[in-house]
Amino acid sequence: MLAYVVRRALQSVVVLVAMSMLVFVGVYEVGNPVDILINPQAEPIERERAIAALGLDRPLPAQYAHFLSGALHGDLGRSFVHGVPAISLILQRMPATLELAIAAMLIAIIVGIPLGLLAGLHPRSLAARAIMAGSILGFSLPTFWVGLMLIMVFSVMLGVLPSSGRGPTTDVLGVPVSFLSIEGWRHLLLPALNLALFKLALLIRLTRAGTREALLQDYVKFARAKGLTNARVVGVHVLRNILVPIVTVIGLEFGSVIAFAIVTESVFAWPGMGKLLVDSIGLLDRPVIVAYLLLIVAIVIVINLAVDILYSALDPRVRLAGQDA
Amino acid sequence: MNAPHAPAEAPLQRVLRDFVSDPVALAGAVLLLLIVAAAIAAPLLSWQNPYDLAQLDLMDGRLPPGARGAAGRVYWLGTDDQGRDMACAILYGLRISLVVGASATIVALAIGLTTGLVAAVAGGKLDALVMRIVDIQLSFPAILIALILLAVVGQGTGKIVVALIAVQWAYYARTVRSAAIVEKRKEYVEAARGLALSRTRIVVRHVLPNCLPPMLVVASVQIASAIALEATLSFLGLGLPITEPSLGLLIANGYQYLLSGKYWISFFPGIALLLTILSINLVSDQLRDVLNPRLQR
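Residue numbers (my numbering), protein chains in the order written: chain R, 1 to 325; chain A, 1 to 297.
Only chain A is shown next, with the shape it has when bound in the complex (with noise of 0.2 Å):
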C-alpha cells in the first residue's frame, strides 16, 4: 500500500513504467524506433537514389549479397534486376509502406472516432443504424472489402488508403461506441452535466479521453494489418504503382527470380516487413496489457 499522502503518481508515469517493465516490449519499442527513424532518415542513409534511373548501373543487376559492383562498391543485400542496390531500395520501400499504413490510419481513426461517438452519444435509431453497418462490414474479410473496393474505384497511390480507410474505421467506431456507453453512465459525466457544461463540451473534455485507451490498442494492432494488407496488395499487383515501390512491390519484383535461386531481391525487403510488423505487434501486445485495467497489480 502506497503512504496515504505520497504523490499519486501521473498515469503516463504508471503506463511507461509497466511498458518497459516487460524486456521483449521494450527491444520491440527499440526496434520500431530504429526502423521509424531508418524510414525518415532514408534519404541521408541511402549513397542512391533507387528510382533515379541515372544512378543505377544495369551492369550491377541481380548481384549476390556482398559483391563488389563495377565501380567497386560492395552491395551487402544485392541489387536487383536493374542494378539497383537492395538495401536502398528497402529503405525507401520502408518509407513508402510506413507513410501509407500511418496515414490510412490516422484518417480512420478520426472518421471511427467521430461515427462511434456520435452513435453512443445520439443513440436511438442512429446508433442502431450505424452499428449494423459496422457488424456487417465487420463479418466481411478484409482483403475482401479492400478488393472490392479497389474494383470499385480503380488502382493507385490515393485509392489503396481509401480501401484501408475502409477497412479500419468499422474497427474504431466499434471500440470508442461501446467505451463511450459505459463512460457516459459514470458519475463525473454526472457531475459535468451538474455544472450545466454544454453536450459537446461533456463529450470532447471528459468522455473522449477516457475512451483513449482502447483505442491506442486498436490503433496499434490495426497499423500493422494495414501495413501488411497493403503489402499484400501491391504484392498482387492490385496496390501501389510501379512507380512508388513499397516493400510489398519489391518482394513481388523478387517472385520472378525466385526460383532461379536469386533469393535476395524477394528476401530482404521480405525481412524488413516482417520486423516492422513484428515491433508494431510485440508494442501493441505490451500497450493492451498496460493499459487494461483488469490486469492490474
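Isolated chain R, as found in the complex (with noise of 0.2 Å):
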C-alpha cells in the first residue's frame, strides 16, 4: 500500500513539473506584454527599465528557472496589470469559487441521486422516462447558453433574482462566505444551479445504471427472499452498493466542476478565479495566466491522488491491476 502511494505521488509531481513547463513556455511565446504593458510614448530608457523591473530581457531557460525557485517559494509572479503577486489575486478570488463549485455539486447529488434512483427502480415508468429525456437535456444544452436563458427569465423577465455579482459577504474566519445571508443565497441559487445542470445529469445516469446492474445480483434477491421491505433492501442494499462508483465520480468530477466555473463565472460575473483568468488571457497578464493554470492542475492532481488512494484502499484489486503494468 505504502509503495503504491509513493509511486503515484511521485507521477503525480511528474505530471505537475511537466505541465508547469508545457504552461510557462507556451504562455511565454505568446504576444509580446512589452506592447500591452508599457506606455508606447515612453523613452527608451524607461522602457527598459520596465522590462529589466518585469524580468522579460533574460533568456527563457533563464526565466523558468528564476519562476520555478520561485514557486517553490510559494511566489509565481507578479501580475502585470495589478501590480500585485499573482498567487495572491488568485487566492483572494479562490473562496468565490470554491462556494459556487461545493453549491453546484451539492444540488446535482441531492437532486440526481434520488431521481437516478427512482429511473433505476421503475426503468419503464412515465417518471423514469421523464427523468432520462430530462438528462438528455441536462447533457446537450450548453452550460453558458442555459445561463443567459437564466438571467433572462429570473432577472430579467421575472425580475426576482439577480443577474449577476456575489453580493454581500460575511467573513467566516477571514474568509468572505455568500451563504449566510439570504441576499447571498439570492445570489448564489442562479450560478450554482446553472454549474450544477451537467453533473445532475451525469449523476441521474450513473445512478440509475448503477441501481439497475444492483437489482440483479444475488444479494438483493436473497435480500428479497428474506422478507426485508423494499424501502430496507433499495435504502440499505442497493444504495451502499452503488455509492462507492457514485463517491468516486462525484470526487474526480469536483477537479472539473473549478475548471467548468470559468464559464458560469464570466456569465454571471461571479468574482471567482475563472472570471479572473478570462480576464487576465484578453489582457495578456501572463503571470495571472501561469500562476492559475498551475494552481488548478494541482489541484485536479491532488484530486485524483487523493481518489485514487482512497479507491485502492477500499478495493484492492486496483492497487493489484496497477502493479502489473
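No lab work stands behind these hints, which were simulated from the structure alone.
Cβ coordinates follow ideal geometry from the N, Cα and C atoms, glycine included.
There's no promise every hint is true.
[Claimed, not checked] Listed below are several chain R residues computed to face chain A (Cβ distance under 10 Å; list not exhaustive):
no., residue
1, P142
2, I289
3, I301
[Said to hold, decoys possible] If the Cβ cut is set under 8 Å, some of the chain A residues that face chain R in the computed set are:
no., residue
4, L53
5, A228
6, A231
7, L236
8, S266
9, D285
Join these two chains into a complex; the hints should help.
Laid out in C-alpha cells, this is it:
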C-alpha cells in the first residue's frame, strides 16, 4: 500500500513539473507584453527599465528557472496589470469559486441521486422516462447558454433574482462567504444551478445504471427472499453498493466543476478565479494565467491522487492491477 | 429461431433496422439530417449574406422577431445590432460550428485510431507509455486542456481545431486499444496468421474493422462535445475570430442586449446549438445500444 502511494505521488509530481513547463513556455511565447504594458510614448530608457523590472529581457530557460524557484517558495510572479503577486490575486478569488463549485455539486448530489434511483427502480415508468429525457437534455444544453436563459427568465422577465455578482459576503475565519445571508443566497442560486446542470445529468445516469445493475445481483434477491421491506432493500443494500462508484465519480468530477466554473463565472460576473483567468487572457497578464493554470492543474492532480488512494484502500484489486502494468 | 437455411441478414441491415425501431432516435436522426442539410445549403436558404456589410441595413438593427424591416421584409427571428437577419446568421453560424466540430473529430479520430492500434499491436513499453499519457490527459477536464493549449498556441480558427483535436484523440486511442487487444486474441486473427498474412494486413484488414463499432459510438459522442466546447470557448472570446462567427459567438454577441430584454439575439442561436447537440446525442445513444452485442436480443 505504501509503495503504491509513494509511486502515485511521485507520478503526480512528474506530471505537475511537465505541465508547468508546457504552460510556462507556451504562455511566454504568446504576444509581447512589452507592447501592452509599457506606454508606447515612454522614453527608450524608461522602456528598458520596465522590461528589466518585469524580467522580460532574460532568456527563456533563465526566466523558467527563476519562475520555478519562485514557485517553490509560493511566488508565481507579479501581475503585470494589478502589480500584486499573482498567487495572492488568485487565492483572494478562490473562496468565491470554491463556494460556487461546492454549492453546484451539492445541488447535483441532492437532486441527482434520488432521481437516478427512481429511474433505476422503475425503468419503464413514465417518471423514469421523463427523468431520462431530462438528463439527455441536461447533457445537450450548452452551459453558458443556459446561464443566459436563467438570467433572461429570473432576472429580466420575472425580476426576482440578481443577474450578476456575489452580493454581500460574511467573513468566516477571515474567508468571505455568501451563503450566510439571504441576499447572498439569492446571488448564489442561479450560478450554482447553472454549474450543477451537467453534473446533475451525469449523476442521474450513473445512479440509474448502478441501480439497474445492482437489482439483478444475488444479494438483492437474497435480501428480498429474507422478506425485507422494499425500502430496506433499496435504502440499505442497493444504495450502499452503488455509492462507492458514485462517490468516486463525485470526487473526480469536482476538479472539472472548478474548471467549468470559468464559464459560469463569466456569465454571471461571479468574482471567482475563473473570471479572473478569462480577464487575464484578454489582458495578456501572463503571470496570472500561468499561476491559475498551475494552481488548477495542482488541484486536479491532488484530487485524482486522493481519490485513487482512497479507492485502492477500499478495493485492493485496483492496487494489484496497477502493479502488473 | 431462424430457419437453418434462411439467408443471413447483413450486419448493416440489422443495425439499421434496430436503429429505426426507436421513434425518438429516428426523430433525432431526421433532425440531424435536416440540420446538416440546412448548414450545407446555407447560402441558398438565406436571402442575405450576413457578413457582407453592403447587404445590411443599420436601420433594421435590433428588430424583434416578426418585425418588418425598412425594405418591407419580415425578420422572423429578429435582427442583431447591425441589422443582420438572425435566421441567416444562424444558418451561416451552424455551418462554421459543424465544420469546426466535424473536422476536429475526423483528424482526432485518425490520430487516436493510429496511436491506439499501434499501442495495442506493439504492446510492451510503447503501449505502457502511450496509455500513461492517455490516462494523464483524460484525468484533466477537457476545457482545461483546451485553455492551456489556447494559451500556448494563441487564438484563431486553426488553433481552436488543434485544441479540439488535442482534447479528443485520447478517447479514441483508449477505445481502439482496448477493442484491438480483445480482437487480437480471437481465432480469426490466429487463422489469418496461419495463412501467413503480413502483420500490417492482419491489423488493417482484420482487426481494425472489428474495432470500428465502439469507435463510431465514441466519435458520435465526441463530435457533440467538440461542437459544445467550441461554442463555449468562442463565447468566452477565446475561440473563433469575429470574422467567422460560429453559434457560440452569435450568442456572445447577444449577451450585452439580454439585460435590456432583447432576448432573441442570444436565444435563437442557442436553440440551434441545442437542437444540433441534442440530435447528435439522441443518435449516439441509440447507436450505443444497437452496436452493443451484449444488449442484442
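Checked hints:
Here the hint on P142 (chain R) is kept, as its CB sits about 5 Å from the closest CB of chain A, short of 10 Å. With 10 Å as the threshold, the beta carbon of I289 (chain R) comes within range of chain A, its nearest partner Cβ sitting at about 6 Å, so the hint holds. Because the closest C-beta pair between I301 (chain R) and chain A is about 8 Å apart, less than 10 Å, the hint holds. Taking 8 Å as the C-beta contact cut-off toward chain R, the hint placing L53 (chain A) at the interface is violated, the least distance being around 26 Å.
Satisfaction of the interface hint for A228 (chain A) is found here, the shortest Cβ-Cβ separation to chain R being roughly 5 Å, below the 8 Å cut-off. A distance limit of 8 Å between C-beta atoms decides the matter here; for A231 (chain A) the minimum to chain R is near 6 Å, and the interface restraint holds. Look at L236 (chain A): its Cβ gets to within about 6 Å of chain R, closer than 8 Å, so that hint holds up. Satisfaction of the interface hint for S266 (chain A) is found here, the shortest Cβ-Cβ separation to chain R being roughly 5 Å, below the 8 Å cut-off.
Because the smallest distance between the Cβ of D285 (chain A) and any Cβ of chain R comes to about 7 Å, under 8 Å, the interface hint for this residue holds.
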